[in-house]
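Engineer: Chain by chain, the residues run as shown.
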Amino acid sequence: MMVQWDPRIETMPKADIQRLQYKLLKSLVYRLYSFSPFYHDRMKEQKVHPDDIRELSDVRKLPFMFKRDLRDNYPDKIFTASKEDLIRYHVSSGTTGKPTVVGYTQNDLDNWSTSLARGLTSIGLGRGDVIQVSYGYGLFTGGLGMHYGAERIGATVLPTSVGNTERQIELMQDLGATAIACTPSYLLHIGEVAEKMGINIQKDTQLKTGILGAEPWTEGMRDRIEHWLGIKAFDIYGTSELSGPMFTECAEQKGFHIWSDLALVEIIDPKTEEPLEAGEKGEVTITILQKEALPMIRYRIGDISSIDDSVCTCGRTHPRLQRIQGRVDDMLIIRGINVFPSQIEYALMAIPEVGQHFQIVVERKGALDDLLVRVELNKESFSDKITDLMQIRHKVENRLRSSLNVNVSIDLVEPGSLPRFEGKSKKVIDKRSL
Amino acid sequence: METEQYVIKQISIFSENRPGRLAAIAQALGEEKVNILAFSIAEANGFGVVRALVDHPKKAQAKLQSLGFNSAFTDVIAVKMKDTPGGLFEVAKILGDAGINIEYSYAYSGKGGAVLILRVDQVDDAIKKIQASGATLLERSLFH
Numbered sequence: 044m045m046v047q048w049d050p051r052i053e054t055m056p057k058a059d060i061q062r063l064q065y066k067l068l069k070s071l072v073y074r075l076y077s078f079s080p081f082y083h084d085r086m087k088e089q090k091v092h093p094d095d096i097r098e099l100s101d102v103r104k105l106p107f108m109f110k111r112d113l114r115d116n117y118p119d120k121i122f123t124a125s126k127e128d129l130i131r132y133h134v135s136s137g138t139t140g141k142p143t144v145v146g147y148t149q150n151d152l153d154n155w156s157t158s159l160a161r162g163l164t165s166i167g168l169g170r171g172d173v174i175q176v177s178y179g180y181g182l183f184t185g186g187l188g189m190h191y192g193a194e195r196i197g198a199t200v201l202p203t204s205v206g207n208t209e210r211q212i213e214l215m216q217d218l219g220a221t222a223i224a225c226t227p228s229y230l231l232h233i234g235e236v237a238e239k240m241g242i243n244i245q246k247d248t249q250l251k252t253g254i255l256g257a258e259p260w261t262e263g264m265r266d267r268i269e270h271w272l273g274i275k276a277f278d279i280y281g282t283s284e285l286s287g288p289m290f291t292e293c294a295e296q297k298g299f300h301i302w303s304d305l306a307l308v309e310i311i312d313p314k315t316e317e318p319l320e321a322g323e324k325g326e327v328t329i330t331i332l333q334k335e336a337l338p339m340i341r342y343r344i345g346d347i348s349s350i351d352d353s354v355c356t357c358g359r360t361h362p363r364l365q366r367i368q369g370r371v372d373d374m375l376i377i378r379g380i381n382v383f384p385s386q387i388e389y390a391l392m393a394i395p396e397v398g399q400h401f402q403i404v405v406e407r408k409g410a411l412d413d414l415l416v417r418v419e420l421n422k423e424s425f426s427d428k429i430t431d432l433m434q435i436r437h438k439v440e441n442r443l444r445s446s447l448n449v450n451v452s453i454d455l456v457e458p459g460s461l462p463r464f465e466g467k468s469k470k471v472i473d474k475r476s477l
Numbered sequence: 023m024e025t026e027q028y029v030i031k032q033i034s035i036f037s038e039n040r041p042g043r044l045a046a047i048a049q050a051l052g053e054e055k056v057n058i059l060a061f062s063i064a065e066a067n068g069f070g071v072v073r074a075l076v077d078h079p080k081k082a083q084a085k086l087q088s089l090g091f092n093s094a095f096t097d098v099i100a101v102k103m104k105d106t107p108g109g110l111f112e113v114a115k116i117l118g119d120a121g122i123n124i125e126y127s128y129a130y131s132g133k134g135g136a137v138l139i140l141r142v143d144q145v146d147d148a149i150k151k152i153q154a155s156g157a158t159l160l161e162r163s164l165f166h
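Chain order of the listed sequences is A and B.
Going by the working numbering, the letters in the first sequence line up with residues 44 to 477, in that order.
Going by the working numbering, the letters in the second sequence line up with residues 23 to 166, in that order.
None of these hints come from the bench; they were simulated from the model.
Ideal Cβ placement from N, Cα and C applies to all residues, glycine included.
Hints may be right or wrong, so weigh each one.
Partial pick of chain A residues on the chain B-facing surface, computed with a CB cut under 7 Å [what the hints assert, rightly or not]:
#1 K422
#2 F425
#3 D427
#4 I429
#5 M433
#6 D454
#7 L455
#8 V456
#9 E457
#10 P458
#11 P462
Excised from the complex, chain B in its bound form (with noise of 0.2 Å):
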């Protein structure tokens, strides 16, 4: 089976814990015409994470080496949810129940439903089991 097309590409930037640092990775992206499409931030004390879904990644992350921000590309899958109460649950169960460790997570609702946004160890692996496990992942193509 064809993992290839479920596997999205997260752009991931180091960050300060300073006012400013966020408008400034945003600006940026903004200047470039690049639209967020999720995103979120990790913080530990003193510095961040900002890991963002964006519709043109490779022009994002040129743009941001430009300004010297340390960036660098994450492989991320996402899973559809029902927007409805135990949407996340049902997700979440698939998930355990077929032994799939969770590094980090995020997740947005929208017109098309809510999104569950996974970053896992054995992506591949990960892909398959949640397939047969009936729930719908979503391709790369919709976001870039």
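Extracted from the complex, chain A is given alone in its bound form (with noise of 0.2 Å):
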């Protein structure tokens, strides 16, 4: 079985691959710095010019880019290459605001794919495997890129897209899919929709593989996950700004492997805006390499993350980014204290009595900011006896507490009462804003 897509690529040692980088990002800046307005302007105004980078750690004399220059530039203001070299658009769903249109062109496609192709093999995905794309096809770019990585390393593609559940589960099972590429909440859904419809995944599909993403999970979730239905389950990473989804743990699930012949990333703090060691966590920042169509530098994507750089046990030796913890932007402020909904869940998936989903509530009560956790009691832990399931709240919000180091009340409400989403979850309802 091959393990590796390009091993001279992903077993290239550290020194060549920080050459590589500083050549690719020095041929990148000229060119932005020549034929761009925008990158141009940009550079002048932080006083930087391309003979300023003499080796890759001068990447941070660089101007950062955010989200907002893309709203602000919308549709295509600072597309780089010519309409006519354009093969597609996706165009970001715009839920924080306008949408953020991304262009490509046939190399910044086979760049994705090639990717893809790179992080599926890693998990063991080949020929021979049929991969369900329950990812939105569409503007989005979650479906067509699985897709286009699926296709490249010779695997059959199921295009399922988002929804039509039962129908999804009757394919998973006629055609025998090895693997499902969705977001984890809608995988779980899948779960529940299949045990009422009497269907084991674990027993009565073929199903082994998830390649999970497109919106924050934990490790209590993916154990929760590979017992439940009895598969791996890997983390992909990805934006539409950097292509889409692109970067997949391997089997030793220790991180996303960051190529670094397309992408540089950093860690940087997201306040000082100084770069971190490795190891420290920031807000996750990168470079596109190789991207024609929308060249991206120093982008700033919000997701807070660290980095591991040691070779990885699978002996590739690009850097790791770590799980992602949270958003810096859906970081909520508790009384002064920093609480990310993904620590939430984390603590949730330890305690056996409620399930999978939950609801965060923020409100201001007079001075104070007050947070509620809805959450479901599992079937299994339901009692007769109101002290019982006191106590089963009492215990919710005492982990909770120690957990976030905040003052929680827990509402206990009934299965499948909260929202099931099938893109990503809306899991916080801040009510002080309002």
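Since each chain sits alone in its own frame, please combine them into the complex, following the hints.
Structural biologist: Right, dumping it as structure tokens:
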């Protein structure tokens, strides 16, 4: 079995990787300074010239880019490829503001698919696998991105897109899907619907791999999915600005391999904007080294994570981005303490009495913030005695309080009553800003 | 002594404490032609447990579970009371003297007199003690 898609690149010595990255960065900066009015002006403002880039760490001299730069230049004012060279558009959902448009040349799509081909190969997928792509197809990058990546490795694609869950489960069974790519919350939904249909994913299907992303999730959720459905669950990372879903974990499940010939990743302190060391937690900032239509230099993704730069036990040498811990802008500040929804999820996963779904409600009561977490009581934990139920609630409150360092109240709700989302989950209702 | 004929299956249902939940439960039971013989609600800040004696417990549970309700059966017993002043005292004294601890209880009175429904921790033991002390237990067959 082939274990690496491109062994020469994937196991390249670190010193060679850095030389290659420096070369790519230098030519990118020269190209943009010469041909892109947007980047030219930005670099002038920052008083940096391409000649100032003399080693890889000089990337820090370059200006940052933000999502608002894409919105302000809607739809395609900062594209650097001519219109005839574009072969596709994707458009972000615009849930947090005006939509953003990303264009792709043939080389952009090739690099995207190559990145995914390396990742999918690293988790053991290849010819003979049937990959059910249950990410949305269309303007969203998830569906088509995974589709091209899966075809690149010679797997068979089952392009079910999102929705019509019962039919998805029938097709999964009938066509022997061995892997599914979707959001973790949609896979949980599929598991629940399958149970209602009397289908045991573990025994009645050939599913063995999940490629899950497009929303933050936790190790606790991974354990739950793997045990419940009997599959290996792998995290995948990317945003439309970087192309789409692009980097996966390998079979070792120790972080996303960020292919260094395609991307240069930095972790910075979101407040001071200073670079952080490997292992330190901060904002993920990525430079896409080979993008033609819409290059990204030091793009501030807004995700919180850290980097492990040691060689992976799988033998690959590229840095590994750790599991996303939250969003700079999703971070809730409760009575002055930073709280990430993912922390709540992580704590809840360790409490068997409650379900996988939750909802956070933040209100201001008088001068104080009030944090309420609504969780579903598991069927097996229901007791006829009010005192037992109050004990469960008390236990959940105590666990959350000790992991968040802030007071939490818990609402036990009926199973199945919290909203399920087929795309990105919206788990926080912050009534303070209304 | 046989105690089994006095053990009654109560259905207990988890419910959020918000408008319309009792109506949803009652509608479901009505649609299944399940008759409610007695019921009570216990409440605890945000959620509650609806407890009911019905004529068809299994049918009731199947319907409620299909709607996503969390429910379970609990064994309870029913003691006959006089529907006159002092009726509850008579029964409560018997239980107290016999050392039977009540976890929770509710009552109804109707054509056949008054009835006290009890959830106790040692069901068999309670049945024996109540019978020995002269009070009357209602048989399960009267309910379902």
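Engineer: Work down the list of hints and note, for each, if the structure agrees.
Structural biologist: For each hint, the structure was consulted:
{"no.": "1", "hint": "K422", "verdict": "holds (6 Å)"}
{"no.": "2", "hint": "F425", "verdict": "holds (4 Å)"}
{"no.": "3", "hint": "D427", "verdict": "holds (4 Å)"}
{"no.": "4", "hint": "I429", "verdict": "holds (5 Å)"}
{"no.": "5", "hint": "M433", "verdict": "holds (6 Å)"}
{"no.": "6", "hint": "D454", "verdict": "holds (5 Å)"}
{"no.": "7", "hint": "L455", "verdict": "holds (5 Å)"}
{"no.": "8", "hint": "V456", "verdict": "holds (5 Å)"}
{"no.": "9", "hint": "E457", "verdict": "holds (6 Å)"}
{"no.": "10", "hint": "P458", "verdict": "holds (6 Å)"}
{"no.": "11", "hint": "P462", "verdict": "violated (14 Å)"}
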